[in-house]
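Chains as they are written, first to last, in this note's numbering: chain L, 1418 to 1538; chain X, 3 to 265.
All the given hints hold, so there is nothing to weed out.
Simulated restraints on C-beta separations: (1) L:Glu-1480 to X:Leu-46: 16 to 26 Å; (2) X:Glu-53 to L:Pro-1505: 27 to 37 Å; (3) X:Thr-104 to L:Arg-1497: 57 to 67 Å; (4) L:Glu-1523 to X:Phe-79: 56 to 66 Å; (5) X:Gly-78 to L:Trp-1518: 40 to 50 Å; (6) L:Glu-1488 to X:Arg-4: 20 to 30 Å.
In short, the hints are calculated from the structure, not lab data.
All C-beta atoms, glycine included, are put in the ideal place defined by N, C-alpha and C.
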Amino acid sequence: MPVKKPYQNRIELVQGTLDLLILQTLRLGPLHGYGIVGAIRARSNELLQIETGSLYPALHRLERQGWIAAEWQTSERRQRVRVYRLTPSGKKQLVFQRDRWEKFSEAMTSILNPASEEGPA
Amino acid sequence: MRLPLWRLRQNQELDEEIQAHLREAIRERVESGESEAEAERAVLREFGNVELVKEVTREMWGWTAVDSWVRDLCFGFRQLRRNLGFTAAAVLTLALGIGVNTAIFSYSYADGLLFRPLAVREPERLVTPFHITKDGDNYSSFSLPDYRDFREQNIVLSGLAAYSDFEASIGESESRERLPAAIVSGNYFDVLGIEPVQGRFFLPEEDHVEGTHPVTVISYGLWRRMFQGDPHVVGQKAASPAIPLRKACSDASFWWPHRWHSA
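Bound conformation, chain X alone (with noise of 0.2 Å):
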């Protein structure tokens, strides 16, 4: 393993070091009259074990835990190189957990409802009601008379807006698609603060009787995908044996803050 340049002048400092005492007692011992070999005998005799001095200095030192874990490591690499076949399947099976996990959380509802704020006035008022039972059960679904009614004798909140989902059919004859929509209460724009970028959204004449006046809310995406921005298709009815719409626009790819769909 090799070392970086200042530990092993480090290692060979006390090397140094270590050899010049010895060389000094062994030149002792012979000016008071042994040979040499004695000498040497008996200096290495009493020094102790020289290769255990060091490493004992060495461990004081710190260093042989870092030494030790980066051997470890090469040795792991050495195994993987030779084991390929186990080697991919692992590799294969870390890629594809964490691919999934990071397209999760980088594409699906993580990044848009968790990640990025609500393209909504004040993302931070906005709440949903949920309708808890005696029994402990909870419902964030309400009926439409309920929802009129706690709108009428609403308080606590700014304004009380209600959704429902469905699918659409939005289009003409061949570009006709599939979409998710929602039917939405007249004040959902008012109450998310939101602005249109063309036309407009729902005047409140138009809330009043039920099955007058539809009108569609589409959004910025669509809009310029399916009529290529065109701003004469707004305010036109559309053609749609399903239910008779006016088109406004709303900007933000993301105009439907419970859902986010890339439109």
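In isolation and in its complexed conformation, chain L is listed as follows (with noise of 0.2 Å):
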């Protein structure tokens, strides 16, 4: 049997975020696999690189949840590739897991950068 606990590690880690990056991502119009990594590190100003091993996995897993749906296109270099959508329910969970997202964050700099207020020594 293949060696999988790390692998299944790092993707779980990066799950909640990863989900969200490709939702996002897709909001702005379809695109296929390879256009998502794309996107996203441009989007991100080459800081973000997705490791394309942790990429197809999330897509079908959101594809099983069906928050985005997908379909076989050809592409202009007349080759076969799989498009995926945000659906309506993807949508709503991009706006549920943004919400999420941004408390994390808030929280996350509110235990950073400590308010003025004295803590205990």
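Combine the two chains into a complex, taking the hints into account.
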């Protein structure tokens, strides 16, 4: 049996944020797998490089949840590509996850930059 | 292991999708100056273990569990085929056990008593009284005088009948058989609410004095079997040295709720 453990751990750690990134990216228009990686890299100013190994399990997982839908299309180079788009329930999920992310971000901020009250020494 | 068509297609599409991704990544690198070989290596390194990715995705789909059970099953069968002696022993043991259980539940008390409703008028109202002593023992046997007392003073039950099992010799000389029988109180059939098929059951006066008016009721099954359903048999005196009896006939092969036999 192949060693799955380290791989799964990596996916789990990023799972929440990866889902959010994918959903947000597709909000701006349907894309195929390779395009999603490029878009995230571009829009994050080259900061975020999605591990392609985590991308496809994530895409299929989101598809199974019904938040994105896929269909085969032919690209300009006359190749078959599987293009994903956001579904209505996916849009709702995106809003929900953005909300959660913002709360999380606020929490992190307030921990990392404590207010000027005296804390316990 | 053969997969159903739609799952094969699902796996193939995943392959195709990943291959397309890799091709595009390679092409982009080549366009920005790398050699094909370099590009391919870099892309594969970046992607990670392709087979592993596919497996993780397939696992997420959830069929791997089913696959592994099916594979285990096939392995089991192959093992059984290879050890025929052991397989035969196991199969025989199971067959014996299952067969015996089935037989018990099809042909015996369980079937007659548990699974078919008693062939009396209101089976759900039929009860057996028990005698519980101070020490906690219980008996369902009563003496005849006790029975008579209970019957006279009974205000709880609609009727109280008594029976006592024994084995009787029934039949003419050559065809004589020993059959399960019972001595019953005169109100037995009234309490059970059974009507005779032929003849009559007991008359009230027949119950009063011991030893007089012996009347036999035989089951329908016995009537047909031993007397070929001859209606003249009913009402006759039975030639039995044990007890001179008159015959009447009850319906249902199961005229005896407390014991079931195929008559």
